[in-house]
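Chemist: Order-wise, the sequence lines are chains X and G.
Using the working numbering, you'd call the opening residue of the first sequence number 1 and step up by one each time.
Using the working numbering, you'd call the opening residue of the second sequence number 928 and step up by one each time.
Think of the hints as simulated: they come from the structure by calculation, not from any bench.
Just so you know, not all the hints are guaranteed correct.
Derived list of chain G stretches under chain X, where covered just means 3 residues or more per stretch with a C-beta under 8 Å from a C-beta of chain X [said to hold, decoys possible]: (1) 954-962; (2) 1021-1031; (3) 1103-1111.
Simulated crosslink set (DSS-like; lysine-lysine; CA at most 25 Å straight-line) [what the hints assert, rightly or not]: (4) G/Lys1007 to X/Lys125; (5) G/Lys1166 to X/Lys596; (6) G/Lys1158 to G/Lys1128; (7) G/Lys1166 to G/Lys1128; (8) X/Lys537 to X/Lys459; (9) X/Lys459 to X/Lys581; (10) G/Lys1016 to X/Lys125; (11) X/Lys581 to X/Lys596; (12) X/Lys596 to X/Lys792.
Negatives, chain X to chain G, calculated, CB over 12 Å [claimed, not checked]: (13) Asp149; (14) Pro292; (15) Arg586; (16) Arg593.
Think of the CB as a built atom: it goes at the ideal place given N, C-alpha and C, for glycine as much as any other residue.
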Amino acid sequence: MPTTEFTLNGNPAAIAGNKGTRLSKALRDELRLTGTKIGCDAGDCGACTILVDGAPVCGCLVAVGQIAGSRVETIEGLSASSTVTRRLQDAFLRHGAAQCGICTPGMLVAATHLLERNAAPDEQKVLDAIGGVLCRCTGYRKIIAAILDAGIEHDNAAALDGPAAGQAVGARIRRLDGQRKVDGSEIFGADAAPEGCLLLRAVRSPHHRARFRLGDLDAFVAKHPGIERVLTARDVPGVNCYGPIPPFADQPVFPERDALFRGEAVAAIVGDPAAIEALDLADFPVEWEELPPHFGMDEALADGAALVQGNRPGNILTGGRVARGDAETGMAQSAVVVEGTFETGFVEHAYIEPEAGFARRVGGRIELQVSTQSPYMNRDDIAKILGIVPEDVRILPTAVGGGFGAKLDMSVQPFIALAAWVTNRPVRMVYSRRESIMVTTKRHPSRIAMRIGAAPDGKLQAIDMRADFNTGAYSSWGPTVANRVPVHASGPYFVPHYRAVTRAIHTHLVPAGAFRGFGVPQATLAQEQLFDMLADKLGIDRLEFRILNALAPDQPTVTGQTIGAGVGIRACLEALRPRWKEARERARDFNRRNGKPMRRGVGVAGMWYGCGNTSLANPSTILVGLTPEGRIALHQGAVDIGQGSNTVIAQICADAIAVSIGRIDLIGPDTDLTADCGKTSASRQTFVTGKAAELAGRELRAAILRAANAGADAEIRFTDDGVSVADNGATRALHLAAMPRDARGYVLAGEATFNPPTSALDESGQGVPYAVYGFGAHLAEIEVDMELGTIKLLHLVAAHDVGRAINPTLVEGQIEGGAAQGLGLALMEEFFPGRGENLHDYLIPTAGDLPVVESILIEDASPVGPFGAKGIGEQAMIPTAPAIMNAFYDATGIRLHRVPATPDRVRAAILAAETRDAVTREPERAS
Amino acid sequence: MDAPLFLRPTTIGEALRALAMPGIRILAGGTDFYPVQGERPIAEPVLDVTAIAELRGIAIGRDEIRIGGGTSWSAIIAAKLPACFDALKQAAREVGSVQIQNRGTIAGNLCNASPAADGVPPLLALDASVELVSRASARRMALADFITGNRRTERRSDEIVSAIVVPRSIDGPSCFLKLGARRYLVISIAMVAAILERDGKGLIAQARIAVGSCSDVAQRLSNLERDLVGKPCAAGIGKQVAAGHLADLSPIDDVRATAAYRIDAARTLIGRALERCVAGVAR
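From just these sequences and the hints, can you work out the full model?
Modeler: Here it is as structure tokens:
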């Protein structure tokens, strides 16, 4: 066997076998150095950045045979040998520059190369150095700040000790799981597999809609040594149907007859990895009969259109409706009414970690180690598919290299579970980037028609909205989008007369599902742009118009809920006031001084977002135990997908017990060891699981105090052999080793479940859909190149009412990362099914596309949330795109009704406005 | 399955002998080879040309400048070259990312023959030729003749592009402008390279303008070049660009932009590139 010899991290190394293999793959598979990540296999993401002979390169573009005699350095080696890398790692942790951590090794390698040659680079040099590494979580600014700050030695003693007992909430502590993200040792979905693991590959439909017939599968297996088995619908022992919302479940593991979207798997091939990788699927025995697909919603809604799902007449999956007052009357009473229709396309989550995991059968049970946002939902669906009880399924979530909603749905899970179950061998699957983009859920394309009326004094009278969402071939989270949008389409404003009606419509396209905001970002684009049109028509300043109408704590929402306290929208908008004035003056000055082609503009947009499921139970249960050794074990079942729940929930729990956070050990998530903490979505983990952690922590504290017969204000201190409780000058010792232990081995424990108090919505959508809402407003300054149609975001101010910032660094990280996705939605991101299933056609922002984001944290405490905290994950991205689009109008006088505002669309609109002024300008457009 | 043959010669001669092998594929920087390969296994023998020292490096002669085919974009950026190469250097900085520039080679960029190849417009503007060697012969061909279409070149399967040769036939500032929908790692929607040479009286003596991503193969705009000769080499030069000068371009609609936009943007970019040349701001 040919062998390639080279120097790896300073030591001689050799890779046996195929010299054409990508180096990134060989490093991971052959040499087990999994710190080098694979995100695209095309040089588009930079996650596999390594140094070859001192130069940063993408390991996926280098053949093993090409490094003979070369020096190769990976994150593992640099972590051990480079002081520059170590300083960078420290700066990354200090600044919160690693969120999910999947891009972090590549970032660190690229930054190490820069700083080893230039100890004090300017920002432009930093951007050039990391411009080839994509990050989907952070919005890059904290990464840039960390690199610029890495030259300075910091005294870390205080930071590493953490805040004093009872001081964790509100502290900018480092992520508890941060070290392994910066040294490359974090285990993501593709980073672990048991010895002898088989590999699985899906056979996918090349057509948007096709009938298929499988041929002689036994002959195929016989013809290919190393192939164990081909799996089809017939192999599913349980129910061949799953979906995240059980009443709407409609997705088969494999269809029996018809593939309903391009990329749907009709079979899976399982075998030895080498045999699977060598397969050419061209000779797989399947015949396709292409059928005419519905691409757009209008085709699906047409009379007599073929049904995508036979049991859903009119291709309507479901709808949503919220009505309050009387929209028609309100509109008639309005002195000024504006209307418009706004559209968005498919948006891809584009996390840098493609879906991956492995499954193994353990006797009568199945275990899945997989990248997921929803372990218990995975557990229940896998049980249903295999025909076993949920308790016989164990889900061990790996670190998640970005999720944003798409990893709520199952991807590899049903395939690997079924394959491991029937072969009794461990089986893994790793999506390619192409598969990931082709078949995983997307943000729903939308068409939103909205009318808004106001009184002459500017007070909102009525909003009337009809919104259609293209939900694709299967239900996924379509019902959630349909239900969430009508509740939110008023924005955080008082609207007496309201009607919002939505539909989720099936087509033969990739299922649209959950993506940061569940349809609310799309609706906010319509509502906030119409607000500007309305304010202009009323002659009221655009920001003041929003302040005038901001929902007050004692005013009912459009569902009739009076939130009562913790309604910080007014404070968010008012916080923008001075910056709004300054920014508008800056833009006016710029536009006066400069002629064409550069025009600047300023835009503002508000937002609200309910935390947790809409009117549905979504409890989290936390167990926290005191070990005989004096450690506190926090059974934390919430999946940290980069947002920081591992850290935030521990901070909350530490303060609830009033102990140092360093005393806490995280356990889980693991469905065998941690209770259900729900899915990581709907901005619910800090709020719901955090609250459960607070309650459980208080319970443990009470148990300790009871055991010590101490009062509620007593101080808990840890000693060498136990706990001492100081109360009014008296100190009582608990000798933990001598105390009885419960079944889990804890001497004392607290357990609590929290389910947000909500109520069902009636047929008019009236009720209490959420116990807590987050609020926010963004202010965007942009520059438009009128000749090229390009838009640059110059500065963003983001004011968010988070109730209580449990960890301000992590909150800022969510805001900056959310803003980056908002910028992508506004300016560059659109997925066209069947085209551009890669990260060079599907563009997400790079380090050079994000400006400084100034975060203003408003803390208007929620009476319900832990220490007053609310969610921030989705809130952060909702107002960015509408603020940018409003800034675009401010700069150009042109209202765009479709995002993304790509250069060609922008330029076409500018040319149209120049020639046909009346058509696109606002006053004429408003009725 | 046995691994396919992977050859890594250190001389051009060895490489040319290996090319006789049926179906053998040349691998240089891998920045196009692997993305095109995708998930498919490599079935054919591979000829890695990156160990051939004589394919790398830049030789600056009195009459011509010779860039070895295996020279990386990073090496071009780092090289000391006349002002008319500034456009090529600027293009090199826009090839993907630093990681891509460290691996990707100039000959690979040409042989891949993408309509959006960043290197082609500046090399067309430089009147570059491609040097092709085989066991039987060596020949030179104008770059404009070498690339014949989208992913099509005149390279015979027994040939290697050993060098890119640029005659020292123009002296003046140059500029490359690339338009994409984001800052880094972006495929051009349109791009322009321009070189201007000024005579003693401040008039344009020679103009070279090439446009990429607006036709199957990047093109020189010879009508515009002719019209610019004799015009004052001064601010306002961009206004000389008229719609008719772009008549030979034939862009397409794709996920990145519409054809109409490409033409419109190309016209703007040409004007700006010319202004930058006369302002001498082109670095």
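Chemist: Give a verdict on every hint.
Modeler: To see whether the hints hold, each was checked on the structure:
1. 954-962: holds (count 7)
2. 1021-1031: holds (count 7)
3. 1103-1111: Since three or more residues must qualify, the claim that chain X covers the segment 1103-1111 of chain G holds, with 5 doing so at under 8 Å.
4. G/Lys1007 to X/Lys125: holds (20 Å)
5. G/Lys1166 to X/Lys596: Roughly 14 Å separates the two Cα atoms, so the pair holds.
6. G/Lys1158 to G/Lys1128: holds (10 Å)
7. G/Lys1166 to G/Lys1128: Roughly 20 Å between the alpha carbons, so the hint for G/Lys1166 and G/Lys1128 holds.
8. X/Lys537 to X/Lys459: The given pair, whose Cα atoms are some 13 Å apart, holds under the 25 Å limit.
9. X/Lys459 to X/Lys581: Within the cut-off at roughly 22 Å; holds.
10. G/Lys1016 to X/Lys125: holds (17 Å)
11. X/Lys581 to X/Lys596: Distance of about 23 Å is within 25 Å: holds.
12. X/Lys596 to X/Lys792: At roughly 15 Å apart (the allowed maximum being 25 Å), X/Lys792 and X/Lys596 satisfy the hint.
13. Asp149: holds (21 Å)
14. Pro292: holds (23 Å)
15. Arg586: Given a closest Cβ separation of 22 Å, the condition holds.
16. Arg593: holds (18 Å)
Hint compliance for this structure: no hint is broken.
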